[in-house]
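Asks: This is what each chain is made of:
Protein chains: 2
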Amino acid sequence: MLSFNLKYEDRETKARSATLKTTHGVVETPIFMPVGTVGSVKTMTPHEVEECGASIILGNTYHLYLRPGIEVLKKFGGLHNFMSWNKNILTDSGGFQVFSLSELRDISEEGVYFKSHLDGKRFFMSPEMSMDIQRCIGSDIVMAFDECVSCDLERSYFEKSVNLTTSWAKRCKGVALDSHQSLFGIIQGGIHKDLRKRSAGEITDIGFDGYAIGGLSVGETTAQMYEITDYTTDYLPKNAPRYLMGVGTPEDILNCIGNGIDMFDCVMPTRNARNGMLFTSRGKLHIKRKQWEFSDTPIDSECQCYTCRNFSKGYLRHLYKSGEILALRLNTIHNINFYLSLVKGARNAIKKGCFTTFKKEMTEKMTIGGDNV
Amino acid sequence: MLSFNLKYEDRETKARSATLKTTHGVVETPIFMPVGTVGSVKTMTPHEVEECGASIILGNTYHLYLRPGIEVLKKFGGLHNFMSWNKNILTDSGGFQVFSLSELRDISEEGVYFKSHLDGKRFFMSPEMSMDIQRCIGSDIVMAFDECVSCDLERSYFEKSVNLTTSWAKRCKGVALDSHQSLFGIIQGGIHKDLRKRSAGEITDIGFDGYAIGGLSVGETTAQMYEITDYTTDYLPKNAPRYLMGVGTPEDILNCIGNGIDMFDCVMPTRNARNGMLFTSRGKLHIKRKQWEFSDTPIDSECQCYTCRNFSKGYLRHLYKSGEILALRLNTIHNINFYLSLVKGARNAIKKGCFTTFKKEMTEKMTIGGDNV
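Heads up: the protein sequence lines correspond to chains D and A, in order. Okay, so the first sequence: first residue is 1421 according to this note's numbering, each after it adds one. Okay, so the second sequence: first residue is 1421 according to this note's numbering, each after it adds one.
Okay, chain D solo, but in the shape it has when bound (with noise of 0.2 Å):
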């Protein structure tokens, strides 16, 4: 069972940090989550994670369902011990992917029909079975099943979704999870403040460990996105974690923990590390350009990652050029210990009061553009 202990209240924003323990360890939070997929943060092994600073990483439930399977893990003993990795994982319910990668779906009140992604073979996913697949990957907070909803329907579809997610949260704290294990519940509602409100209202009343916003980085603006956080987190408790699903970029992380979140997890660091986007303390940095070819400085002179320890700009590209697999690990261990010590940095102005200066610097400075020396 999760303990969460809130330490620091900033005075001029909502941010805060708190100190997040599970029998898996503990996380001090603001904090972001490296994902995970199919049990493997892509290119990393779990010491590398480690060694950046992780405390916590994310784990699809859909993904691991399709593979390597339920019966593998429960063989396991679950996700920990299969991929060597002893700090928290937190798991996502397998609604997101099953909505936005299953091209054809069925959903009913019962729960909804997919076909995998893979090979087209149809699954059934209900909140019950959710929560089954959750307990057998043994994550350490598990994720209610709920309907995440393209942004651009009709507000009547948002109306009908919120009232299915409630019924569904509702099933899912009824399932018997491992004594280990906490459940999340999760807000839906879109853009539309009183179906937020809303939302917030029923899932808080039903009472999870802790609370997620889903729904947000599905399409709409960025200015929305932060309204409808900011607004949101008013209706959610002060002493549970609050966790933003899917977001984002190092400034919305920023704008976000300044909105009053804890938690956050995207698979933009290691996703664009595999395309050669490095995000450094001046910005974004595209190292494949031809402007790199005979430099001998790390990517970050800031950044205290293996990576910029051992590397220069000129090797990493070359080796990005050069199509090596070494390019695109360490383009990822230096993108997700940039995440992790942005929210680490904004942990310590949090603690120390100077958020605001922190964020308004670190904001300022990233709107330079890596690439312009």
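Read the hints as simulated data drawn from the structure, not as lab findings. On a predicted model such as this, the values are computed, not experimentally measured, just so you know. Any given hint could be a false lead.
Among the chain D residues that face chain A by a calculated CB cut under 7 Å, a handful are [to be verified]:
(1) VAL1458
(2) SER1460
(3) PRO1488
(4) LYS1495
(5) SER1504
(6) PHE1714
(7) ASN1730
(8) TYR1735
(9) HIS1738
(10) SER1742
(11) ILE1745
(12) LEU1746
Beta carbons: idealized from backbone N, C-alpha and C, even for Gly.
Fit chain A to the known structure of chain D by using the hints.
Replies: Just chain A now, kept in the frame of chain D:
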């Protein structure tokens, strides 16, 4: 400059153990050199290569000449610094790749015109140019530029080729290298013993810091390869290192150590790892097989590598089947560790005077097959 100190000679075979020393450290022989084609041992950081026990790696002059190119290597003061590898580097001369990768080439006494395998651009390579490039790379051991001939050509071609290789070897010897660099000559002659004897005589007459047997493992039978190796080492001086280029399987390496070889390189452990084929003390193992789905034991219970210390065959199979880059990494670490443990085992056996027993026991055990549990 290189110093070579022959320490142990086996009584029953031609196996021997020596210490080879350069400004980048000591190499105990017999040794296997992992291949770092374009400035990385594929998928591995230099620190991982070192952790597997490597004291020397091989770089490919042809590949490095095309990418990143000489100007970049000059700017970085050589390959060691560019790739953050502080131990020894041996570079091939580019000859093998010019003859095997380039479809169109035009050989004359002067040198070879060839087309880049990357973009078809026309290049020229001569013995002098190969030396110049290898001087810029800064490798500790430089290989003479030779003609590597396909084994299915007529004897008359091999005769001419031996003449050309000798002529080029003299020109290579005439080019000044950096003071820390040593130069190895290469013996050619295909599977023709008299030509091998003549080539060995001509090349050793010129006089080099070490001698390589080239033009094997290019299509001849394994028995022919062993026989020519055994025959040729009789015409090489005892007090200089002997390098068998491009060889081979674990069994090949054990046999050719017995035939008096000190140094080996081969892409097999790295390339096969990326194809899911693992070397074990019981022979080859194919990690993608269904039989490993639920296996919670390591690849090789006798192996001490990072992969075997931390991960099960079931997890490795899952990663491989899921197309995860971590699979390629963990497989490569295991195979490189296996090759380096094999030559370490051979060194220890030579020192203890039990090389024949070691070779027999290892070879027999490897016939079991790693998939047969």
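Asks: Confirm or reject each hint.
Replies: Checked hints:
1. The closest approach between the C-beta of VAL1458 of chain D and any C-beta of chain A is roughly 5 Å, which is under the 7 Å cut-off, so the hint is satisfied.
2. With a cut of 7 Å, the hint placing SER1460 of chain D at the interface with chain A holds, because the nearest CB-to-CB distance is about 4 Å.
3. Interface hint status for PRO1488 of chain D: upheld, as the beta-carbon distance to the closest one in chain A is roughly 4 Å, under 7 Å.
4. Restraint check, LYS1495 of chain D versus chain A: the minimum CB separation of about 5 Å is within 7 Å; hint holds.
5. Given hint, SER1504 of chain D at the interface with chain A, holds; its Cβ is 5 Å from that chain's nearest Cβ, closer than 7 Å.
6. Because the closest C-beta pair between PHE1714 of chain D and chain A is about 5 Å apart, less than 7 Å, the hint holds.
7. Annotation: ASN1730 of chain D was flagged as interfacial toward chain A, and the flag holds, the nearest CB pair being 5 Å apart, inside 7 Å.
8. Annotation: interface hint on TYR1735 of chain D holds; nearest CB of chain A at approximately 6 Å, less than 7 Å.
9. At its closest, the beta carbon of HIS1738 of chain D sits 4 Å from a beta carbon of chain A; the interface hint therefore holds under the 7 Å criterion.
10. Against a cut-off of 7 Å between C-beta atoms, the interface hint on SER1742 of chain D holds, since the closest Cβ of chain A lies about 5 Å away.
11. Hint status for ILE1745 of chain D: holds, given a least beta-carbon distance of 4 Å to chain A, under 7 Å.
12. Given the 7 Å rule on beta carbons, the hint for LEU1746 of chain D holds: about 4 Å separates it from the nearest Cβ of chain A.
Of the hints listed earlier, there is not a single one the structure fails to meet.
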